[in-house]
Amino acid sequence: MSATDAISSIVFYAVAALMLACAVGMVFARNMIRSALLLVVVLSGVALMYVLLSADFLAVAQILVYVGAIMVLMLFAIMLTPNQVDLSGGTTQGQKISAALTAITIGTIAVGVVITHPWNLRPTALNVETAERIGMLLLNTYVLPFWIASILLTVGLIGAIVIAREE
Amino acid sequence: MALAPVGLQHFLVLAVILFCIGMYGALSRSNAVGILLSIELMLNAVNIMMVAFARYINTQQELAGQLFAIFIMTVAAAEAAVGLAIVISVYRLRHTIQVEDIDLLKG
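Chains as they are written, first to last, in numbering that gives the first Met the number 0: chain A, 0 to 166; chain B, 0 to 106.
Treat the hints as calculated values from the structure; they're not laboratory data. The model shown is predicted, which means the values in this text are computed figures rather than measured ones. Since no wrong hints were added, every one of them can be taken at face value.
Pair by pair, the computed Cβ-Cβ distance ranges are:
#	chain 1	residue 1	chain 2	residue 2	range
1	A	Leu138	B	Glu99	40 to 50 Å
2	B	Pro4	A	Pro81	42 to 52 Å
3	A	Arg132	B	Ile101	38 to 48 Å
4	A	Asn119	B	Asp102	48 to 58 Å
Now the stretches of chain A that chain B is said to cover, found in silico as 3 or more residues with beta-carbon under 8 Å:
#	segment
5	70-80
6	93-103
Ideal placement from N, C-alpha and C gives every residue a C-beta, glycine not left out.
Required output: the full structure, derived from the provided sequences and hints.
Shown next, in the form of structure tokens:
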């Protein structure tokens, strides 16, 4: 095992442990602000995972879009709905137990499939300039989804303004 | 040290566990913003899978997984904006965002 492999394993396990701990904390936190801030840690961890997966463009986009924009939106929504900051334990015990059972069942099945499936792995590591190639692909092969995504974003944001504005 | 080199399965298992944590949150929370936060976690877990497949799977279409991740990110941004607008609008009308209290359409 080379030095680079060893470093990336250590980084992977450390970041994965941090992400899992913060995700569990986020789900169980009673305070919504604390929950949102723990999600920020998880989303930054996702950006580090993208770096480990040699997706540098996506790592930057993750920081800009998720940690920058979406989480600010979430924090604004939490602050614009006062008196809802603390969860009042509204859900029943039965709902929590069935939610846990659903998550554990699906998780067990998915982990089993993922581990046992014979994946067709590439012989050499992915080594391309991601930003340049993604730009070319978006404007050639994937130009129709790119257009649809642009229209969806425009319509979605105008719709959000119309729904949220005062009458 | 007995650390195995990180491979495709490591990332997939991490993503599955994150997805299930997010699913538990989405199903058990009663605060509408909390549910939206959990859904963001689930979407990010799927994105990790997409990028891991782009990195490790042998295919003609390199980077297709990363493009899927970009489109998921775009749709997630639109979803968060519309979802939070609905939450704020509901709070203005009903002064609550606990999902079991929002039962106007219940017969």
